[in-house]
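Novice: Sequence:
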Amino acid sequence: MLISSLVVSIVRLLAVKFEAMLVVVALVLALTLLENKPLALDFICVALESWTDEIFK
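Residue numbers are given in this note's numbering: position 36 of the sequence shown equals residue 36, and the series is strictly consecutive.
Take the hints with a grain of salt, since some may be wrong.
Dumping the calculated EDC-like pairs for lysine to aspartate or glutamate here, alpha-carbon to alpha-carbon at most 20 Å [stated by the list, open to error]:
{"id": "1", "residue 1": "Lys-17", "residue 2": "Glu-54"}
{"id": "2", "residue 1": "Lys-17", "residue 2": "Asp-53"}
{"id": "3", "residue 1": "Lys-17", "residue 2": "Glu-49"}
Between beta-carbon pairs, the in silico distance windows are [what the hints assert, rightly or not]:
{"id": "4", "residue 1": "Leu-29", "residue 2": "Ile-55", "range": "17 to 23 Å"}
{"id": "5", "residue 1": "Ser-9", "residue 2": "Trp-51", "range": "18 to 24 Å"}
{"id": "6", "residue 1": "Leu-29", "residue 2": "Glu-54", "range": "33 to 39 Å"}
{"id": "7", "residue 1": "Leu-6", "residue 2": "Leu-29", "range": "33 to 39 Å"}
These aren't lab readings, by the way, just hints derived from the structure by calculation.
All C-beta atoms, glycine included, are put in the ideal place defined by N, C-alpha and C.
Put together the whole structure using the sequences plus the hints.
Specialist: In structure tokens, the structure reads:
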């Protein structure tokens with residue numbers, strides 16, 4: 001029982017982090033398309049890498 005509730009908590013935490021990551025990526029991508037700034041795409045790549053490293057530590 002304790003292990004299953006722990007697994008559920010971890011899955012919920014990962015889902016929240018993933019959802020927040022998607023929101024940030026969508027905002028940066030929208031700004032990139034509106035302003036044609038390729039640097040924002042670099043930000044997305046760096047952010048995705050750091051967030052995935054943090055999630056899967």
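Novice: Could you run down the list of hints and mark each one as holding or not?
Specialist: Quick rundown of the hints versus the structure:
For the proposed pair Lys-17 and Glu-54, the alpha carbon gap of about 10 Å is at most 20 Å, so the pair holds. Among the hinted pairs, Lys-17 with Asp-53 is consistent with the structure: their alpha-carbon atoms are about 12 Å apart, no more than 20 Å. Restraint check for Lys-17 and Glu-49: the C-alpha separation of about 13 Å stays at or below 20 Å, so the hint holds. Checked against the hint of 17 to 23 Å, the C-beta distance between Leu-29 and Ile-55 comes to roughly 20 Å, which is consistent with it.
Taken as a hint, the range 18 to 24 Å holds for the pair Ser-9 and Trp-51, whose Cβ atoms sit roughly 19 Å apart. At roughly 20 Å, the beta carbons of Leu-29 and Glu-54 sit outside the given window of 33 to 39 Å. Look at Leu-6 against Leu-29: about 34 Å separates their beta carbons, and that is inside 33 to 39 Å.
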